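Visitor: Single-letter residue listing:
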Amino acid sequence: EAGVAQSPRYKIIEKRQSVAFWCNPISGHATLYWYQQILGQGPKLLIQFQNNGVVDDSQLPKDRFSAERLKGVDSTLKIQPAKLEDSAVYLCASSLGLRGGAGNQPQHFGDGTRLSIL
Amino acid sequence: AQKVTQAQTEISVVEKEDVTLDCVYETRDTTYYLFWYKQPPSGELVFLIRRNSFDEQNEISGRYSWNFQKSTSSFNFTITASQVVDSAVYFCALTANYGQNFVFGPGTRLSVLP
Chain A
1 EAGVAQSPRY
11 KIIEKRQSVA
21 FWCNPISGHA
31 TLYWYQQILG
41 QGPKLLIQFQ
51 NNGVVDDSQL
61 PKDRFSAERL
71 KGVDSTLKIQ
81 PAKLEDSAVY
91 LCASSLGLRG
101 GAGNQPQHFG
111 DGTRLSIL
Chain B
1001 AQKVTQAQTE
1011 ISVVEKEDVT
1021 LDCVYETRDT
1031 TYYLFWYKQP
1041 PSGELVFLIR
1051 RNSFDEQNEI
1061 SGRYSWNFQK
1071 STSSFNFTIT
1081 ASQVVDSAVY
1091 FCALTANYGQ
1101 NFVFGPGTRL
1111 SVLP
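If you read the protein sequences in the order shown, they are chains A and B.
For reference, each letter of the first sequence is one residue, going 1 to 118 in this note's numbering.
For reference, each letter of the second sequence is one residue, going 1001 to 1114 in this note's numbering.
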C-alpha cells in the first residue's frame, strides 16, 4: 500500500513570497489533515477535510493560508504571503474517515515539507 | 478546549532500562480517543496505539505497554528493556469522538544510550 505522498520535500523562499504544498493521501482514505510542526513542538492541526468538505479549520490563519481538496482526493495548501514565523515542517496525514466516529481511525503521515523563510 | 500535557521534555536512559513517558489530557467530551505516535530522527510520524475513553484496559504489545486511567486523565506509555532504536520523540494526542479537535502534546524526546 502506497503511503501519503507529499511534495516538495524542501522549500526555501523569501518572506512575502507565495508557496504551495501538495499531498496525495492513501487510496480510499476519506479524511485528510494538514499540520504545521514548528521545530521542537508537536504538530498543530491547520485544517481537516472529510472528502472535499472542511471539518475543522479553526486554527488556519485564513488571512494568508488556504487549502483545498476539490475532488476529495489530493490536496494543496498555500501560503500567501509567507512570514518568517511560517518556517516549519508541513505534514499531511490521512485516515479512513468517518465511520461512526473518525476519532477511532489512526492517521498515516507523509514525510512532510520543510519550509524555510529567509 | 482540549489539551494534552507531556511534562517530560527530554529523557535519557541507558539501553535495557525501562522508561515511562507521561501524558495528561483535558477534555469536556465524554467520548474521546487517545493516541501515541513516534517520530524518529527521519521525521515521519508513526502510529503506535489508540484507545477510546470507554476502554480502560491496559495494553501490552511486545516491549510497549500503555496505562490508561480516566480518574487521573492520564495515558502513560512504558517501554520495557529499551533499545537504541527507541530513540525518538514521542507524542501523545487526543481527539473528540468524530475526529475533530485533534490535539497533539508537545512531545517527549527519548534518548536511549548504548
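Rather than coming from a laboratory, the hints here were simulated on the basis of the structure.
Just so you know, these numbers come straight off a predicted model, no measurement behind them.
Even glycine gets a Cβ: it sits at the ideal position worked out from N, Cα and C.
It is possible that some hints are incorrect.
What the hints assert, rightly or not - With the Cβ distance kept under 7 Å, some of the chain B side facing chain A (calculated, not the full set):
1) G1043
2) E1044
3) F1047
4) F1091
5) Q1100
6) F1104
7) G1107
Said to hold, decoys possible - Only pairs whose alpha carbons sit at most 20 Å apart, straight line, appear in this in silico EDC-like list of lysine to aspartate or glutamate:
8) A:K44 - B:E1026
9) A:K62 - A:D86
10) A:K44 - B:E1044
11) B:K1003 - A:D57
12) B:K1038 - B:D1018
13) A:K83 - A:D63
14) B:K1070 - B:E1059
15) B:K1038 - B:E1059
16) A:K62 - A:D111
17) A:K83 - A:E14
18) A:K15 - A:D111
19) B:K1003 - A:D56
20) A:K11 - B:E1044
21) B:K1038 - A:D111
22) A:K71 - A:D57
23) B:K1016 - B:D1029
As the list claims (entries may be wrong) - The calculated label-pair distances, taken between Cβ atoms and stated as ranges, are:
24) A:P106 - B:P1106: 17 to 23 Å
25) B:E1010 - A:L118: 39 to 45 Å
26) A:K15 - B:T1072: 23 to 29 Å
27) A:N51 - B:A1001: 24 to 30 Å
28) A:Q17 - B:E1015: 44 to 50 Å
29) A:S116 - B:S1071: 42 to 48 Å
30) A:K15 - B:E1015: 43 to 49 Å
31) A:E14 - B:G1062: 34 to 40 Å
32) B:S1071 - A:S7: 44 to 50 Å
33) A:R16 - B:I1011: 39 to 45 Å
34) B:G1043 - A:A20: 28 to 34 Å
35) B:Q1057 - A:K15: 47 to 53 Å
Visitor: Compare the structure with each hint and give your call.
Guide: Here is what the structure says about each hint:
1. G1043: 6 Å, holds
2. E1044: Because about 5 Å separates E1044 of chain B from the closest Cβ in chain A, which is inside the 7 Å limit, the hint holds.
3. F1047: Nearest chain A Cβ about 4 Å off; hint holds.
4. F1091: Holds: closest Cβ of chain A sits about 5 Å from F1091 of chain B, inside 7 Å.
5. Q1100: 5 Å, holds
6. F1104: Result: holds, 4 Å to nearest chain A Cβ.
7. G1107: 5 Å, holds
8. A:K44 - B:E1026: Holds, because 17 Å separates the two Cα atoms, which is no more than 20 Å.
9. A:K62 - A:D86: 13 Å, holds
10. A:K44 - B:E1044: With Cα atoms ~15 Å apart, K44 of chain A and E1044 of chain B stay inside 20 Å; holds.
11. B:K1003 - A:D57: Roughly 17 Å separates the two Cα atoms, so the pair holds.
12. B:K1038 - B:D1018: 17 Å, holds
13. A:K83 - A:D63: This hinted pair holds, its Cα atoms lying about 12 Å apart.
14. B:K1070 - B:E1059: 15 Å, holds
15. B:K1038 - B:E1059: 17 Å, holds
16. A:K62 - A:D111: 24 Å, violated
17. A:K83 - A:E14: Holds: K83 of chain A and E14 of chain A sit about 8 Å apart, inside 20 Å.
18. A:K15 - A:D111: Since the Cα atoms of K15 of chain A and D111 of chain A sit roughly 24 Å apart, the hinted pair is violated (cutoff 20 Å).
19. B:K1003 - A:D56: Distance ~16 Å between K1003 of chain B and D56 of chain A Cα, so the pair holds.
20. A:K11 - B:E1044: Roughly 17 Å separates the two Cα atoms, so the pair holds.
21. B:K1038 - A:D111: 13 Å, holds
22. A:K71 - A:D57: Holds. K71 of chain A to D57 of chain A sits at ~18 Å (cutoff 20 Å).
23. B:K1016 - B:D1029: 38 Å, violated
24. A:P106 - B:P1106: 17 to 23 Å: At 20 Å between Cβs, range holds.
25. B:E1010 - A:L118: 39 to 45 Å: 30 Å Cβ-Cβ, so the 39 to 45 Å window is violated.
26. A:K15 - B:T1072: 23 to 29 Å: 45 Å, violated
27. A:N51 - B:A1001: 24 to 30 Å: 27 Å, holds
28. A:Q17 - B:E1015: 44 to 50 Å: 46 Å, holds
29. A:S116 - B:S1071: 42 to 48 Å: 45 Å, holds
30. A:K15 - B:E1015: 43 to 49 Å: Holds - the Cβ-Cβ distance for K15 of chain A and E1015 of chain B, about 44 Å, lies within 43 to 49 Å.
31. A:E14 - B:G1062: 34 to 40 Å: 48 Å, violated
32. B:S1071 - A:S7: 44 to 50 Å: Distance hint for S1071 of chain B, S7 of chain A holds at roughly 46 Å.
33. A:R16 - B:I1011: 39 to 45 Å: 41 Å Cβ-Cβ, so the 39 to 45 Å window holds.
34. B:G1043 - A:A20: 28 to 34 Å: The hinted range 28 to 34 Å is violated for G1043 of chain B and A20 of chain A, with Cβ atoms some 20 Å apart.
35. B:Q1057 - A:K15: 47 to 53 Å: Taking Cβ atoms as reference, Q1057 of chain B and K15 of chain A lie about 51 Å apart, which means the hint holds.
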